[in-house]
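K.L.:
My request is simple: use the sequences and hints to build the entire structure.
Just so you know, we're using our numbering here: the sequence shown kicks off at 1 and counts up by one.
Don't read these hints as lab results, they were simulated from the structure.
Note that the structure is predicted; figures quoted are calculated from it, not measured.
Below, simulated SDA-like cross-link-like pairs (lysine to any residue); rule was C-alpha separation at most 25 angstroms, straight line: (1) K137 with R105; (2) K59 with L102; (3) K144 with S119; (4) K137 with L47; (5) K135 with V70.
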Amino acid sequence: MTDVQTALSDLDRAKVLLTGGTTCAIVRSARCETSCLRGVKPLLGWLEGDWRGASAADKVVGRAAAFLYVLLGVKTLYAAVLSKPAAEVFSAHGITFCYGELTERIVNRTGDGLCPMESATLEETDPARALEKIKAKLQELTQKRRLTPPFLRLCKLNYASL
Numbered sequence: 001m002t003d004v005q006t007a008l009s010d011l012d013r014a015k016v017l018l019t020g021g022t023t024c025a026i027v028r029s030a031r032c033e034t035s036c037l038r039g040v041k042p043l044l045g046w047l048e049g050d051w052r053g054a055s056a057a058d059k060v061v062g063r064a065a066a067f068l069y070v071l072l073g074v075k076t077l078y079a080a081v082l083s084k085p086a087a088e089v090f091s092a093h094g095i096t097f098c099y100g101e102l103t104e105r106i107v108n109r110t111g112d113g114l115c116p117m118e119s120a121t122l123e124e125t126d127p128a129r130a131l132e133k134i135k136a137k138l139q140e141l142t143q144k145r146r147l148t149p150p151f152l153r154l155c156k157l158n159y160a161s162l
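P.N.:
Take a look at the structure:
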């Protein structure tokens with residue numbers, strides 16, 4: 001079996017795993033991982049393993065996630081929703097990709113602005129520096145969440161669901 005056939009079959013397997021509550025999947029030969037977490041956190045965890053040459057499928061891929069997939073060393077990727085800035089990253093790093101929907105940008109979870117991870121990496125071109133910006137933004141968001149009283153978070157959630 002050629003490398004291309006293996007990569008394609010791995011990509012097909014990753015796409016099949018992207019069902020139900022699964023948000024992302026990564027496959028290399030007999031090894032696979034899936035996650036139901038949203039955002040870039042699963043990808044950060046996968047950086048600890050060796051995924052060079054793997055194929056991945058993800059429900060939403062913005063520029064920050066694209067940089068993480070570059071660092072993971074994936075060869076091929078499918079995104080149900082892909083931002084144009086993410087496509088630029090993949091093209092610049094020789095990653096073969098396909099998508100269900102191409103969008104100008106990834107919006108934040110409240111739908112009123114740009115995704116904070118996409119915003120943090122928008123002007124970045126180096127994957128290693130992008131990783132540092134992603135980690136810094138996650139730390140900032142975590143700290144901000146800790147400083148917001150729980151009852152205000154609950155009010156925001158209830159208000160947003162109306």
